[in-house]
Amino acid sequence: WQRDLSVSFNRLGDLATAQGNLPEAQRLFGESLRIAQRLAESDPANAAWQRDLSVSFNRLGDLATA
249 WQRDLSVSFN RLGDLATAQG NLPEAQRLFG ESLRIAQRLA ESDPANAAWQ
299 RDLSVSFNRL GDLATA
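Position one of the sequence shown corresponds to residue 249 (this note's numbering), numbered consecutively onward.
Keep in mind the hints are simulated off the structure, nothing from the lab. Careful, some of the hints might be misleading.
[What the hints assert, rightly or not] Label-pair distances were calculated between CB atoms; the ranges are:
1. PRO292 / VAL255: 16 to 24 Å
2. GLN267 / SER290: 28 to 36 Å
3. ASP291 / ALA314: 25 to 33 Å
Positions of the beta carbon are idealized from the N, C-alpha and C atoms, including for glycine.
Hey, can you work out the whole structure from these sequences and the hints?
Below, the structure is given as structure tokens:
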């Protein structure tokens, strides 16, 4: 369920970005990143969790360019 929560934070971050609320988007993407990092560190062989971590970093990078 933690992965689902991380994905939900990313989706909410996308929504906040689309609405122009960049500080809120950063907070939401940060929450997602914290969960994704914890999961990825707990099982480095889990490709899905490693991908989720990459997605979180990409979203924060996209936000920084916005």
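If you test the structure against every hint from before, which numbers come out violated?
Result: no hint breaks.
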